[in-house]
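> Sequence:
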Amino acid sequence: MMNQSSAQLFQVEQLSAIADLTNSLSKKLKKYQLVSMIDDQSQPIELFDCFDQSVRQARGLLYVSGKQLNLIGEHCGKRTQPVDSRPGFVADLNSGSVTAQLSCVSPLRSLLAVGKALHMHGVIKMLDNNDKTVARIVIDGFGAASNPQPLWLAYVTTQPIRGYHKAHLELLRALTESKLTQAVQSIDTAKIYQAVGIEDSGYDRKPTMRFGAEQDALSVANQIIRTYIDIARVNEPGIVADHDSEFLHDYRVSLRKVRSVISLFKGIYSEQHTQEYKLAFSEHMAPTGRLRDLDVYLLEKESYFQLIPESLHEGLHIMFGQFEQERQQQLLMLRKRFASTSYQQSLEALASHFIEQPDAQEGPLAHLAAKAYAQQLVWKRYRKVCNIARGIDANTPDDDVHELRIHCKKLRYLMEFFTPLFPQKRIKALIKTLKGLQDNLGLFNDYSVQQESLQAYLANHANKGRKQDLMIAQSVGALTSVLNQRQHQERAKVMANFAAFDSDLTRQEFRQLFKEKD
Numbered sequence: 416m417m418n419q420s421s422a423q424l425f426q427v428e429q430l431s432a433i434a435d436l437t438n439s440l441s442k443k444l445k446k447y448q449l450v451s452m453i454d455d456q457s458q459p460i461e462l463f464d465c466f467d468q469s470v471r472q473a474r475g476l477l478y479v480s481g482k483q484l485n486l487i488g489e490h491c492g493k494r495t496q497p498v499d500s501r502p503g504f505v506a507d508l509n510s511g512s513v514t515a516q517l518s519c520v521s522p523l524r525s526l527l528a529v530g531k532a533l534h535m536h537g538v539i540k541m542l543d544n545n546d547k548t549v550a551r552i553v554i555d556g557f558g559a560a561s562n563p564q565p566l567w568l569a570y571v572t573t574q575p576i577r578g579y580h581k582a583h584l585e586l587l588r589a590l591t592e593s594k595l596t597q598a599v600q601s602i603d604t605a606k607i608y609q610a611v612g613i614e615d616s617g618y619d620r621k622p623t624m625r626f627g628a629e630q631d632a633l634s635v636a637n638q639i640i641r642t643y644i645d646i647a648r649v650n651e652p653g654i655v656a657d658h659d660s661e662f663l664h665d666y667r668v669s670l671r672k673v674r675s676v677i678s679l680f681k682g683i684y685s686e687q688h689t690q691e692y693k694l695a696f697s698e699h700m701a702p703t704g705r706l707r708d709l710d711v712y713l714l715e716k717e718s719y720f721q722l723i724p725e726s727l728h729e730g731l732h733i734m735f736g737q738f739e740q741e742r743q744q745q746l747l748m749l750r751k752r753f754a755s756t757s758y759q760q761s762l763e764a765l766a767s768h769f770i771e772q773p774d775a776q777e778g779p780l781a782h783l784a785a786k787a788y789a790q791q792l793v794w795k796r797y798r799k800v801c802n803i804a805r806g807i808d809a810n811t812p813d814d815d816v817h818e819l820r821i822h823c824k825k826l827r828y829l830m831e832f833f834t835p836l837f838p839q840k841r842i843k844a845l846i847k848t849l850k851g852l853q854d855n856l857g858l859f860n861d862y863s864v865q866q867e868s869l870q871a872y873l874a875n876h877a878n879k880g881r882k883q884d885l886m887i888a889q890s891v892g893a894l895t896s897v898l899n900q901r902q903h904q905e906r907a908k909v910m911a912n913f914a915a916f917d918s919d920l921t922r923q924e925f926r927q928l929f930k931e932k933d
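In this note's numbering, the protein residues as written are 416 to 933.
Hints are computed from structural coordinates only; laboratory data are not their basis.
Some hints here could point you the wrong way.
[Claimed, not checked] Below, a list of computed lysine-lysine pairs in the BS3-like style, where the Cα atoms sit at most 30 Å apart: (1) K594 to K606; (2) K930 to K681; (3) K606 to K540; (4) K850 to K824; (5) K908 to K716; (6) K531 to K442; (7) K621 to K443; (8) K843 to K930; (9) K547 to K442; (10) K493 to K681; (11) K594 to K681; (12) K824 to K681; (13) K693 to K681; (14) K824 to K847; (15) K681 to K840; (16) K799 to K930; (17) K443 to K531; (18) K824 to K621; (19) K751 to K716; (20) K799 to K847; (21) K751 to K840; (22) K795 to K825; (23) K840 to K908; (24) K824 to K795; (25) K850 to K799; (26) K606 to K493; (27) K540 to K594; (28) K594 to K547.
[Stated by the list, open to error] Now the in silico label distances, taken between C-beta atoms and shown as ranges: (29) G627 to T811: 39 to 45 Å; (30) Q740 to K847: 40 to 46 Å; (31) R841 to E771: 32 to 38 Å; (32) T811 to L722: 25 to 31 Å; (33) E489 to T591: 17 to 23 Å; (34) S678 to V711: 21 to 27 Å; (35) A874 to K840: 48 to 54 Å; (36) S510 to Q597: 35 to 41 Å; (37) T591 to D854: 51 to 57 Å.
All values reported here derive from a predicted model rather than from experimental measurement.
The C-beta atom is built at its ideal place from N, Cα and C for all residues, glycine as well.
Sequences are here, hints too, so could you generate the full structure?
Right, here's the structure in full:
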């Protein structure tokens, strides 16, 4: 039985139904007057999402109409707030009901236009004999902008008025009995995307791959490499447009995973070709390194200022001003590189090597069954991680801690690559356990690298005897001291986090999945 005091949602899937709805309801609700306030013409709207489609994946639809930012979601209904300009980063939006619902969007991702559509909005007032509004119907309809006669999908929401529950209940009955409407529990945003003709881009920086246990290891390696080359290349336009720093990050991670397959899948490719592939992908990674370093610094800008007294901020302002100028120079060089024929031909030629491998390029383990090969690689790397970690104490050199980080990263990559071959819940639980240790080691490494980079910056930029050089030296010196303290704090956590990773249950799971025979 319907709740007479609560708003109800109905779906309309025909264009004519929107125009006919008032007439249809008028015949059923003869003792009431229905006043239609529906726009005669639909209005163009622009839909927004970030590159990895976080809004769409969260079952939301974000659009701008006029000066309003609107969000429709299966879980939040419809939210609206004023907007001054095209949305970019969520953090830059004014506070409001829409912004509050956009926690699904990473603060590192910018909202981008993903397409145009048509929107029809309207309200139907239900009046009694005294011309008092006793209920309302709010209509939001969506159609494809590219279609002169678009197929519309509309949602009808009833709005009860306090003190007129009976009138609202009569309205609900009329809508339920109407052949033009269908009662639904929530807004199906997937249907709206379909109606307006905006397809899912399919972008996934961590795609789910499919291959079998008996498939030869060579074809699995080739499939993984081709997949991540494609992911890297899809990010190139976003890097050039400079929408946000995550395009370059995903590009680099994808090529790093390609290089990891080539390095870690020993015996799959011939020794000569393994070295050639590693060198070729390293050469494509190298020109992006400095730009990524600068992105990281600029992303950490606010936190750096919070780490040192305000009296030392002037030197950081000068340093970050120089970083921003250098970043523009690095971005310009990378844009030219991506536009060059030599770059395009080089990556295309590299990718072609992993479609079908000539016999001369195959290694001795190329045709080993994928699962047996995966177990061998993962178990060996897991034992390496445990052997190094169990030897770490308060006096262990930093280089040994860095080595542990590198082996943890290699172990995680291997487990992620081979996830399709093992029970999903079990291997993902192990990866999650490993990630806790890896995050700790990552912070330890970040603090170390940042200290070294800041010292290198001082040596190259603040040694000319100028007044600003002294301010930079004081600020960077104070910042380096704080980073050093944080590095030591993270180091102290390494042993505790490894102890959590090295539990009896985890050891048993690794042995059962990667050591014992089926």
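> It remains to establish, for every hint, whether it holds in the given structure.
To see whether the hints hold, each was checked on the structure:
With a CA separation close to 19 Å, the supplied pair K594 and K606 stays within the 30 Å bound. A C-alpha spacing of about 18 Å is found between K930 and K681, which places the hinted pair at or below 30 Å, so the restraint holds. Among the hinted pairs, K606 with K540 is consistent with the structure: their alpha-carbon atoms are about 27 Å apart, no more than 30 Å. A distance of roughly 9 Å separates the Cα atoms of K850 and K824; the hinted pair therefore holds under the 30 Å criterion.
Note on K908 and K716: the hinted pairing holds, with a Cα-Cα distance of about 25 Å set against a maximum of 30 Å. For the suggested pair K531 and K442, the alpha carbons sit about 36 Å apart, so the restraint of at most 30 Å is broken. Distance hint between K621 and K443 is unfulfilled; the C-alpha atoms sit about 53 Å from each other, more than 30 Å. Note on K843 and K930: the hinted pairing holds, with a Cα-Cα distance of about 17 Å set against a maximum of 30 Å.
Taking the CA atoms of K547 and K442, the gap is about 19 Å. The hint holds against a cut of 30 Å. With a C-alpha separation of about 54 Å, the suggested pairing of K493 with K681 is violated against the 30 Å cut-off. Annotation: proposed proximity of K594 to K681 is violated, straight-line Cα distance about 65 Å (limit 30 Å). Using a Cα cut-off of 30 Å, the hinted pair K824 and K681 holds, with the two alpha carbons roughly 17 Å apart.
For the given pair, K693 sits about 12 Å from K681 by alpha-carbon distance, which is consistent with the 30 Å threshold. Of the supplied pair hints, the one linking K824 and K847 holds, its CA atoms being roughly 13 Å apart against a limit of 30 Å. Taken as a hint, the K681 and K840 pair is honoured in the structure, with Cα atoms around 27 Å apart against an allowance of 30 Å. Between K799 and K930 the alpha-carbon distance is near 14 Å, which keeps this suggested pair within the 30 Å criterion.
Only pairs whose Cα atoms come within 30 Å are accepted, and K443 paired with K531 is rejected, the gap being roughly 37 Å. Proximity of K824 to K621 is assessed by CA-CA distance (about 15 Å); at most 30 Å being required, the pair is judged to hold. Using a Cα cut-off of 30 Å, the hinted pair K751 and K716 holds, with the two alpha carbons roughly 28 Å apart. Between K799 and K847 the CA atoms are separated by roughly 19 Å; this keeps the pair inside 30 Å, and the hint holds.
Distance hint between K751 and K840 is unfulfilled; the C-alpha atoms sit about 45 Å from each other, more than 30 Å. Distance check on the hinted pair: K795 and K825 sit about 11 Å apart at the alpha-carbon level, within 30 Å; holds. For the suggested pair K840 and K908, the alpha carbons sit about 27 Å apart, so the restraint of at most 30 Å is met. Using a Cα cut-off of 30 Å, the hinted pair K824 and K795 holds, with the two alpha carbons roughly 14 Å apart.
Taking the CA atoms of K850 and K799, the gap is about 16 Å. The hint holds against a cut of 30 Å. Between K606 and K493 the alpha-carbon distance is near 16 Å, which keeps this suggested pair within the 30 Å criterion. Taking the CA atoms of K540 and K594, the gap is about 20 Å. The hint holds against a cut of 30 Å. For the hint linking K594 to K547, the alpha-carbon distance of about 28 Å falls within 30 Å, and the restraint holds.
Taken as a hint, the range 39 to 45 Å holds for the pair G627 and T811, whose Cβ atoms sit roughly 42 Å apart. Between Q740 and K847 the C-beta distance comes to about 41 Å, which sits within the given range of 40 to 46 Å. As the Cβ distance of R841 to E771 is approximately 34 Å, the hint placing it in 32 to 38 Å holds. About 26 Å separates the C-beta atoms of T811 and L722, a value consistent with the hinted range of 25 to 31 Å.
Here the CB-CB span from E489 to T591 is close to 21 Å, well matched to the stated 17 to 23 Å. Evaluation of the 21 to 27 Å hint for S678 and V711 yields a pass: the beta carbon distance comes to about 24 Å. Look at A874 against K840: about 51 Å separates their beta carbons, and that is inside 48 to 54 Å. A beta carbon spacing of about 36 Å between S510 and Q597 agrees with the range 35 to 41 Å that was offered as a hint.
Taking 51 to 57 Å as the suggested C-beta distance range, the pair T591 and D854 conforms, at roughly 52 Å.
This entry does not satisfy hints 6, 7, 10, 11, 17 and 21, going by the numbered hints stated previously.
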